[in-house]
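Chain A is already provided as a structure; the job is to place chain B on it using the hints.
There are 2 protein chains.
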Amino acid sequence: MQIVEIYDTTLRDGAQSEDVSFSVEDKLRIVQKLDELGLHYIEGGWPGANPKDITFFEEMKKIPLKSSKLVAFGATRKSRNKVSEDPNIKALAEAGTEVVTLFGKSWDLHVTEALGITLKKNLEIISDSIEYLRSQGKRVFYDAEHFFSGYLAKPDYALKTLEAAKRAGAECIILCDTNGGTMPWQLREALEVVQREIGGSLGIHTHNDSEMAVANALTAVEIGVTQVQGTMNGFGERCGNANLCSLLPNLKLKMKINCIADDQLKRLREVSHFVSEIANLPHNKHQPYVGDAAFAHKGGIHVHAVRKNAETYEHVAPSKVGNRQRVLISDNAGKSNLLEKAKEFRINLASDSPHLTEILEQLKEREHQGYQFEGAEGSFELMMKKALGKHKKFFNLVGFRVIVEKRKGSEETFCEATIMVEVGGQVEHTAATGNGPVNALDHALRKALEKFYPALSQVKLLDYKVRVLTASDGTGSKVRVLIESGDGEKNWGTVGVSENIIEASWQALVDSIEYKLLNS
Amino acid sequence: MQIVEIYDTTLRDGAQSEDVSFSVEDKLRIVQKLDELGLHYIEGGWPGANPKDITFFEEMKKIPLKSSKLVAFGATRKSRNKVSEDPNIKALAEAGTEVVTLFGKSWDLHVTEALGITLKKNLEIISDSIEYLRSQGKRVFYDAEHFFSGYLAKPDYALKTLEAAKRAGAECIILCDTNGGTMPWQLREALEVVQREIGGSLGIHTHNDSEMAVANALTAVEIGVTQVQGTMNGFGERCGNANLCSLLPNLKLKMKINCIADDQLKRLREVSHFVSEIANLPHNKHQPYVGDAAFAHKGGIHVHAVRKNAETYEHVAPSKVGNRQRVLISDNAGKSNLLEKAKEFRINLASDSPHLTEILEQLKEREHQGYQFEGAEGSFELMMKKALGKHKKFFNLVGFRVIVEKRKGSEETFCEATIMVEVGGQVEHTAATGNGPVNALDHALRKALEKFYPALSQVKLLDYKVRVLTASDGTGSKVRVLIESGDGEKNWGTVGVSENIIEASWQALVDSIEYKLLNS
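Residue numbers (full-length UniProt numbering), protein chains in the order written: chain A, 1 to 520; chain B, 1 to 520.
Here chain A stands alone, though its shape is the one from the complex (with noise of 0.2 Å):
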């Protein structure tokens, strides 16, 4: 059975992504749950080139790894450096790690034109830099930068390249498609060549220029290749690095390769919005395998045939990445859609209830209105609730009324919200501003009500989101207003829908604390 070995390099190529900047606790956390995923190499960081890089890999030299193996990354040396004076050699000797990366380069171009160097010099940098780490007992991997674009220009020197690594002792070779434009049949040939006249171990590291750095790693593994490189979620520079993601699902479950165990795939899903979370990036609904709408089904055909067998519209099974099958809720939803989802939110109803039908009119009459519950299941719930006579009303609004004002003279506009609420024959009348009306009445009405309901206090507003729903009206038009609400527990989406923004805006709001109070 052929054997392929991961490697991430999240940490170093995919924190170079535009938007991505990891502390060092911030690697810490991340390098174990890469350790828990299984991966054979993590890839730290960049000792040579980066202080906080230094500090990661003396902490990571306290924290032992179970399945992993870290290793340190950074350039041959300058050309103007005796190989064991140069620092970024010694930090790389120095970062207490079993096995080094070092990159080199390839291309003729980048040779003359970025080191400004002669292509013989660049060969025997090659050949001493891999040499002093090997003679400090290090376990050496050679990625050759811009190896495919080196190949297409002067195929000759390219491989002399290969040729210098391998004889100085690199363990592996990793040929890298450093900018990203190679295509598959270009990769294969290239690869093809390397294969028969240098041989050996050989590893690929690709980049999603032209959305084929997965399908470009899986060629190089089709041929032979026995280590892939790659990161989580594909971060990296400019398009981002093949993505682990889809490579790890792919080799297990369409090559057959078993590069991790079972149960390690199985919290793909885990690590993937793990890492998403740690970067403080959203996650990427649509991402292949993990993305939270890899496995839901929108359209009514696909609704009703998923549901008498899922294979009929999933290709793989969603458990074995630890993800699952999402039954959109939406005009097209029948009454099956229904009782599964008053189950997940455990309420009682039968198959022949006849709020069944009740609701799912009221569920059509909402989405003609505009309303969309596929974001805002905490409105959904209340809605069936409301239908089943499970709600109770917490409070009872007065009035409210929101002031937006702007002055001569002044940049800043002004808001205020003024709100009188009434629970249990106790009234509230209060005031309070915010940097825009809705913020403002969002203070107003949670200072309300949080005397009579302190739970509210955990409650916090994490995402909010205008969609305007007709065109060609003008500022006339309805507005959807979706927020998410999180209590450090859980998340729970409402929904408000009017040709009034703040009218839509206070629906959702309410829907919020509702939602809040009706399941503490």
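If you are wondering where the hints come from, they were derived from the structure by calculation, not from laboratory data.
Covered stretches of chain B (in silico footprint by chain A; criterion: 3 or more residues with CB under 8 Å from a CB of chain A, positions within the stretch not fixed): (1) 7-19; (2) 312-321.
List of simulated lysine to aspartate or glutamate pairs, DMTMM-like, C-alpha gap at most 20 Å: (3) Lys478/A with Glu412/B; (4) Lys393/A with Glu377/A; (5) Lys285/B with Asp19/A; (6) Lys393/B with Glu377/B; (7) Lys393/B with Glu411/A; (8) Lys478/A with Glu405/B; (9) Lys66/A with Glu98/A; (10) Lys490/B with Glu25/B; (11) Lys386/B with Glu411/A; (12) Lys478/B with Glu405/A; (13) Lys69/B with Glu25/B; (14) Lys62/A with Glu98/A; (15) Lys390/A with Glu340/A; (16) Lys478/A with Glu277/B; (17) Lys447/B with Glu405/A; (18) Lys285/B with Glu18/A; (19) Lys266/A with Glu314/A; (20) Lys69/B with Asp35/B; (21) Lys154/A with Glu311/B; (22) Lys478/A with Asp19/B; (23) Lys478/A with Glu416/B; (24) Lys465/A with Asp19/B; (25) Lys478/A with Glu25/B; (26) Lys385/A with Glu361/A; (27) Lys160/B with Asp108/B; (28) Lys408/B with Glu422/A; (29) Lys154/B with Glu124/B; (30) Lys393/A with Glu411/B; (31) Lys154/B with Glu311/A; (32) Lys408/B with Glu428/A; (33) Lys320/A with Asp263/A; (34) Lys308/B with Glu113/A; (35) Lys490/B with Glu377/B; (36) Lys285/B with Glu277/A; (37) Lys154/A with Glu314/B; (38) Lys364/B with Asp19/A; (39) Lys478/B with Glu412/A; (40) Lys62/A with Glu36/A.
Think of the CB as a built atom: it goes at the ideal place given N, C-alpha and C, for glycine as much as any other residue.
Using the frame of chain A, we list chain B on its own:
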């Protein structure tokens, strides 16, 4: 030279994406943009399944397209219906398009499990549905749904369905990887058999569930298919469809297949952003070719090398897809863009003008704050004119106040705006109501200004869009408001950004009015 025709299904399959919901107005705007991009076929919708789509096809009868052909999509007839009486088939015949795409079942599992009919009956349905539409004078494309899964399960039967479609008169047979689980080598194997056994004109329709949609489509083109289906930005159910924004440049720049003109390819980035904007979805910054980060260089080494020679870290020239290199320092590409815009706006601006740098700086600063001028060229023109001292102030705001009130016992939320403006020493103080706060403010502002500038009575607000910019701050997030206005002769877009939606709307309203007054 190989001919490949592009078939866009953004408005049908793309609209099945979890977050996408196009209005008829949205679809009319998008179809015209896609036409400008020169795509051969545009699938407009499914008139048999969706009343909104019937309206869309009615409207399209009045709108001639320059280079694209509009296509109506639908299912083969229901098994219980005579083909001439099947409502879906009738809707297709009446949609007013020269071309119709019919989809049918190729996978025995779907025939017996989802449809619950015999395999033979399914062949009859495919045949007579196509024959009927042919008899109505339609050109028919046949989408073989789940072809690759069907071929794996029962190859003989899958091929028989294609044979039936071809014999019945389908002009092109499109092989669909509906579940998105097929690997390129599986696709190749099946496709080569189809070429040999069925032949004729073939197309490819892929989904991205294994992150293989684009790679699979290109593999099919390499083998010889002549039609490629996909969506803008890869919109589509679950993980989306093959992304035309990657496919088009890969076909043209990598495979040298002349599917659209060079000038059309240069508009790719613009159209990609336009479609996201209309869908009210953030554009994916890391999207290949068209994303804002696709040619952005962060790593120090990269920036240095790329400035010496862009080829070192860019696989294609960004200008070919209308994108640009982003490095920290302003560059010449930016200036020449501005000069081109100035020409468009009939503004004299010399290429060595010091204003040029100033405008560029302002533009960057504004974009950093969240402004976006792609849908707001009106605001951009005003910004340029202000920098050049060619702008004139038409009125001064003394102040405005917007009040929103809700009272117990009333369903209605009341909105009123009061405003005081000064024009040439004369003060106008007025008030108006509206069905939302922005609507009320818009009414009041016009009412005040029309007295001085009667031309404003021609101006109508055509569209109003709100986008929340930074998530995770709840209702305290920044919002961007885009307004489209028209006076019957031309339309113009304006933009405003603020934490306060009223302030953001105000900026866009003021720009809209100033634009009209400056240009009349």
